[in-house]
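4 protein chains.
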Amino acid sequence: MPKVSQTYLDSRRAEILDAALECFSREGFHRTTMQDIVEQSGLSPGAIYNYFASKEEIIEAIADERHAREQQMIVARSSEGALAALVQIGREFLNSLQDPAERKRRRVTLQLWAEALRNPRVLRTVRRGISGPRKALGDLVAHAQKRGEIPMALDPDAIARVMIAVFQGLILQLAWDTETQVEPYIKAAEALFSGLPLSKRGARQTLRKR
Amino acid sequence: MPKVSQTYLDSRRAEILDAALECFSREGFHRTTMQDIVEQSGLSPGAIYNYFASKEEIIEAIADERHAREQQMIVARSSEGALAALVQIGREFLNSLQDPAERKRRRVTLQLWAEALRNPRVLRTVRRGISGPRKALGDLVAHAQKRGEIPMALDPDAIARVMIAVFQGLILQLAWDTETQVEPYIKAAEALFSGLPLSKRGARQTLRKR
Amino acid sequence: MPKVSQTYLDSRRAEILDAALECFSREGFHRTTMQDIVEQSGLSPGAIYNYFASKEEIIEAIADERHAREQQMIVARSSEGALAALVQIGREFLNSLQDPAERKRRRVTLQLWAEALRNPRVLRTVRRGISGPRKALGDLVAHAQKRGEIPMALDPDAIARVMIAVFQGLILQLAWDTETQVEPYIKAAEALFSGLPLSKRGARQTLRKR
Amino acid sequence: MPKVSQTYLDSRRAEILDAALECFSREGFHRTTMQDIVEQSGLSPGAIYNYFASKEEIIEAIADERHAREQQMIVARSSEGALAALVQIGREFLNSLQDPAERKRRRVTLQLWAEALRNPRVLRTVRRGISGPRKALGDLVAHAQKRGEIPMALDPDAIARVMIAVFQGLILQLAWDTETQVEPYIKAAEALFSGLPLSKRGARQTLRKR
DNA sequence: GATGAATGAGGATTCATTCAT
DNA sequence: AATGAATGAATCCTCATTCAT
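Chains as they are written, first to last, in the numbering used here: chain A, 1 to 210; chain B, 1 to 210; chain C, 1 to 210; chain D, 1 to 210.
It is possible that some hints are incorrect.
Repeated chains share a single entry, so a pair holds when one copy, or any two copies, can fit it.
Within a straight-line C-alpha distance of at most 25 Å, the following computed SDA-like cross-link-like pairs (lysine to any residue) qualify [claimed, not checked]: (1) Lys55 <-> Arg103; (2) Lys135 <-> Pro151; (3) Lys55 <-> Asp36; (4) Lys135 <-> Ala14; (5) Lys55 <-> Ser11; (6) Lys135 <-> Ile171; (7) Lys104 <-> Leu94; (8) Lys135 <-> Tyr49; (9) Lys135 <-> Thr180; (10) Lys146 <-> Ala68.
Everything labelled a hint here was simulated from the structure, so no lab data went into it.
Let the sequences and hints guide you as you build the complete structure.
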């Protein structure tokens, strides 16, 4: 029986990750020192090392956290059609922009993308974060092809990857320019995918009316 | 070795940047030490500091170099239509994949994207690197709209940004997985933009035949 | 070694300053490396930087310490007359020569005098170190003038400065030649100031008898 | 027969020393880099090393130059009496203050005093710079003693050293505070030494009338 | 579990000096 | 003699991590 409750431990861990996220967002992984995290969290170095074995491990934990969140957001929630799912995701994405905390997180996401090139564990997390949506979207496309809505000549997986790219690009563009207008971007993306045609007419109508 | 020619100086500078690119590609900006660049270049620390005031400045020079290259690659070369330009760019991109040096460079590009969040000069370079193609593509779309090929309701700039996103996403996906198949991706992207319809039929045909 | 007492911290700080003084005395500020201080103190570089932000700050702390010590030594302790005070100071100075540690310190004092030309904080400290005695001595002279012991035509502050110069010159001469005889120098200085006449006869007698 | 005239060589050497003096005055010996001297002199590093084997040697040459100048200034020019000589020196000193170049030089002098603690050659030069005037002044005092003008009990050399101290202190005080008033200081010093009495009445009169 | 002073290898940068031209 | 690019040891300082309390 531990001296303190698991709840306590979990909340301490979360505090550290919050502090780290804040620092990473402001200064990047490499310019952030453990001392920065110490100050941001109000804990001591020793305390932090009780929860994480290294700075690297904190970065990896942040990656896991991000991955879990995005997974949750992107995972297709609709079997109605690919476009409907995309539109849904787009909407959520749009809403998340209201949250300043989410802006910070997106900056960290971009850093994780670069970090993935160096850190195999981060790479694995990033890849896993994509493979889910990629598969889901690919399946939707394949379904649409069976229904004759999309030419069989196209690779469903490739289309899924292009769809994901549209989101990745938006994240990049937003990170570099917070003034970036999201609404027209989403509309343009929608127009593209409706023209494929990737979806039933219904889905398109729904979005248009919004 | 006094009073050397400007050509000599330029080639030394280029050597240093090459060495730095190699190191950055392998280890990332922050894990690369000046000593690494020293060893890779075969020069001495002092020599390198004769050409660049700091490691930061090397990173910025790399950004400028990348920017110039990509500018040159992406800038629309065709007035035939947006799709033709895109296809052309896609082809070049495809070809560049044969060059292992280009793979290295793309890894560095991704790092520059993250670096832009911290370094205002890199940010400016990255933004400039996008603004050119963005404007060029936007103009093409606007033209197509005047000719009635694309609905006026869509924002030309937004469409341009989506197009750019498709390339950015491909760069990301390739960086994380060198096995990534480029050909199907390009085809899928082409299908999307032909459905818009963004281009004349002719352009689409060209691509199909390749 | 967490949560240590303030006393502990103070004594560590003092240890570092002692080590630095030793090094500075031997090699001068600029030839002394942090590594020298590390070795002399038996601490690690990091430990030292926990107490001082830079080598410069150590020099400034040494200046403060010197200033405090000299302040304490020179500040007039006698209201009997300027000469008595001077004699007193001269005696203490003489005694301090017995202490080999004091020899070291005086060498550092000379370096601080030069450093003051470059480092505004050191300059301020050096100036403050003079302004106290200068004012005190000036007041004594002014008093003597009121009592008619010194011609009103002379500037009390100027006389104070000359007195101080006599000590400064002695410090210089001692630094360059440890064989320098202090006793005759003090006697000669005393003769000068008694002739002014700066003091009551009594004070002069006191000195003579020693 | 050399390729260039000795005059040419000498003037180059002087240029370098002038440039070095300028730099040393501004930044001190140790903060001045050879590159600073290169820029100040308009020569190249290689050229400078043709004239001086090391930075150290430049410092030593500066010391020699200073020494020669001061020697020339201080060396007793009068056999009329110690005071007359001192007054003369004081006057010259006073005049030299008008020359801004001289202010620079005095700052360097102070640095040489500190440097003497580390560099035996500089020490020797500094000592030689003092020993001349010291001996000259000591002789004057001894003469006055023989004539019964000064008590035999005082050490002539000690009095000479006190006199020198009065100048040294003035140099220090001027270096730290360019506002320092020289005139009252000189007057006060004169009053001291006239009271000794160190000189004939005449000398004192001369000064008073000025 | 927490604390925070200490560790010390490592890193960016400097700069006196050299030497091929 | 002059040039100035190159050298590379030396230096200041950082910071992830440890561990005695």
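To see whether the hints hold, each was checked on the structure:
1. Lys55 <-> Arg103: For Lys55 and Arg103, only the intra-copy Cα distance (22 Å) is at most 25 Å; the inter-copy one is 29 Å.
2. Lys135 <-> Pro151: within (19 Å within a copy, 32 Å between copies)
3. Lys55 <-> Asp36: Close inside one copy (11 Å) and across copies (23 Å); limit 25 Å.
4. Lys135 <-> Ala14: Neither: 30 Å inside a copy, 43 Å across copies.
5. Lys55 <-> Ser11: Within one copy only: 19 Å inside, 33 Å across.
6. Lys135 <-> Ile171: Classified as both; 20 Å inside a copy, 19 Å across copies.
7. Lys104 <-> Leu94: Within one copy, since 15 Å is at most 25 Å while 34 Å is not.
8. Lys135 <-> Tyr49: Classified as neither: same-chain Cα gap 37 Å, cross-chain 49 Å, threshold 25 Å.
9. Lys135 <-> Thr180: between (29 Å within a copy, 15 Å between copies)
10. Lys146 <-> Ala68: neither (31 Å within a copy, 45 Å between copies)
Checked against the numbered hints listed earlier, the structure breaks hints 4, 8 and 10; every other hint is satisfied.
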